[in-house]
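Participant: Respectively, the protein sequence lines represent chains W and D. Counting the first sequence from 1 gives a position; the numbering used here is that position plus 2. Counting the second sequence from 1 gives a position; the numbering used here is that position plus 2.
Treat the hints with care, as some may be off.
The list treats identical chains as interchangeable, and a pair is accepted whether it falls inside one copy or across any two copies.
As the list claims (entries may be wrong) - Straight-line C-alpha distance at most 20 Å; calculated SDA-like pairs for lysine to any residue:
hint	residue 1	residue 2
1	K56	Q142
2	K85	G194
3	K73	P114
4	K164	S43
5	K12	G194
6	K89	D200
7	K12	D133
Calculated directly from the structure, the hints in this document are not laboratory data.
There are 2 protein chains.
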Amino acid sequence: MKNSTKSVAKPTLEMWFEFGSNYSYLSVMRIEELARKSGVSVVWKPFLLGPIFKYLGWDSSPFVLQSNKGKYMWRDMARQAEKYGLKFNQPSEFPRLATLPMRVAILGAEQPWIGAFCKNVMVQNWVDDLDINTTDMVLQALTGVVPNPGLIIDHAQSDVNKLRLREQTEEARNRGIFGGPTFFAGEEMFWGNDRLEDAIECARTVPVG
Amino acid sequence: MKNSTKSVAKPTLEMWFEFGSNYSYLSVMRIEELARKSGVSVVWKPFLLGPIFKYLGWDSSPFVLQSNKGKYMWRDMARQAEKYGLKFNQPSEFPRLATLPMRVAILGAEQPWIGAFCKNVMVQNWVDDLDINTTDMVLQALTGVVPNPGLIIDHAQSDVNKLRLREQTEEARNRGIFGGPTFFAGEEMFWGNDRLEDAIECARTVPVG
Numbered sequence: 003m004k005n006s007t008k009s010v011a012k013p014t015l016e017m018w019f020e021f022g023s024n025y026s027y028l029s030v031m032r033i034e035e036l037a038r039k040s041g042v043s044v045v046w047k048p049f050l051l052g053p054i055f056k057y058l059g060w061d062s063s064p065f066v067l068q069s070n071k072g073k074y075m076w077r078d079m080a081r082q083a084e085k086y087g088l089k090f091n092q093p094s095e096f097p098r099l100a101t102l103p104m105r106v107a108i109l110g111a112e113q114p115w116i117g118a119f120c121k122n123v124m125v126q127n128w129v130d131d132l133d134i135n136t137t138d139m140v141l142q143a144l145t146g147v148v149p150n151p152g153l154i155i156d157h158a159q160s161d162v163n164k165l166r167l168r169e170q171t172e173e174a175r176n177r178g179i180f181g182g183p184t185f186f187a188g189e190e191m192f193w194g195n196d197r198l199e200d201a202i203e204c205a206r207t208v209p210v211g
Numbered sequence: 003m004k005n006s007t008k009s010v011a012k013p014t015l016e017m018w019f020e021f022g023s024n025y026s027y028l029s030v031m032r033i034e035e036l037a038r039k040s041g042v043s044v045v046w047k048p049f050l051l052g053p054i055f056k057y058l059g060w061d062s063s064p065f066v067l068q069s070n071k072g073k074y075m076w077r078d079m080a081r082q083a084e085k086y087g088l089k090f091n092q093p094s095e096f097p098r099l100a101t102l103p104m105r106v107a108i109l110g111a112e113q114p115w116i117g118a119f120c121k122n123v124m125v126q127n128w129v130d131d132l133d134i135n136t137t138d139m140v141l142q143a144l145t146g147v148v149p150n151p152g153l154i155i156d157h158a159q160s161d162v163n164k165l166r167l168r169e170q171t172e173e174a175r176n177r178g179i180f181g182g183p184t185f186f187a188g189e190e191m192f193w194g195n196d197r198l199e200d201a202i203e204c205a206r207t208v209p210v211g
């Protein structure tokens with residue numbers, strides 16, 4: 003029986019996301035299973051939407067600034083969550099600041115626990131209506147996910163890690179990202195949870211470098 | 003053999019659309035076959051997007067005002083059209099004014115030729131890159147579709163018909179429409195070509211009044 007020992011690089015898909023972004027919630031909850039089924043590796047790319055919106059000239063989310071669009075979005079979210087079998091409750095605050103959990107996410111982006119942590123934070127925000135930008139909530143989201151949650155938070159709050167999140171947000175802007183979630187399969191950009199399946203299919207066909 | 007002579011009302015789905023709206027193109031080309039398969043009747047609701055955008059404080063399409071979003075949209079359109087097996091070429095002018103063909107559309111909204119006419123205009127704009135807001139082009143779009151294209155255009159240009167289009171645009175605004183295409187299944191609103199299938203599914207389950 004032949005058995006190659008060479009490791010074959012898996013195709014990858016970048017997911018640029020924000021804990022405060024409602025459609026990012028749907029993708030964060032769905033991407034791991036979809037990617038696994040297609041043999042695609044997820045590259046987690048946390049970035050802050052606030053500076054992107056400011057760059058576009060907005061002082062908040064378009065869903066806040068455009069009331070009709072916002073009203074529609076909440077109905078759409080409820081229907082979409084139901085379609086995917088996900089729980090959803092409209093948070094009492096929107097968009098929620100997420101600087102602390104986002105710093106943890108960029109610290110752990112290449113760690114095996116990133117998916118579990120991100121899903122925990124998303125459930126706090128979009129199901130349990132909790133203030134995700136607190137040490138208590140981030141500790142809870144890390145509990146059972148990493149051996150030492152307190153140490154992770156300390157590292158996440160280091161100057162060098164704070165800078166990484168700012169730089170990654172700047173990179174998002176430079177790559178033309180204008181909302182979340184955004185996916186990249188190679189240079190092909192896909193915007194929105196509605197394009198997750200297309201993005202994974204595209205990633206499968208992009209040659210691995 | 004029993005045979006009921008009572009006519010059973012079919013469920014209906016409203017499609018609010020604009021010839022100048024790129025994602026309306028995808029839905030106009032797709033809706034008739036999808037609705038027929040689901041036993042749903044399409045209610046054609048032409049309206050002008052320009053006044054809606056003005057009401058929102060914009061002097062053009064968001065795809066023009068936000069350059070990154072616009073650049074992305076053209077790539078997305080090419081991919082989406084390919085996915086649906088539709089031809090597509092980025093028009094040399096965007097968004098194209100469509101007042102004249104929109105007036106014809108509202109005149110014929112309840113006529114059996116509405117679908118064929120709308121698809122012809124959409125192909126002129128999104129495949130053949132033609133100026134759809136001219137008598138020549140509208141005549142071509144009506145040729146083979148109605149017995150007397152010239153008469154239809156005359157009626158479309160009547161004051162009472164012009165007023166109907168303005169009133170329907172005002173109704174779009176009052177119903178909270180902020181972009182096209184928008185679908186209504188009863189009071190349930192769905193925005194964008196990405197929601198066409200969900201909207202049809204919803205229409206199937208709305209009780210017919």
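Participant: Which hint numbers does the structure go against, in order from smallest to largest?
Facilitator: 1, 3, 4, 5, 7
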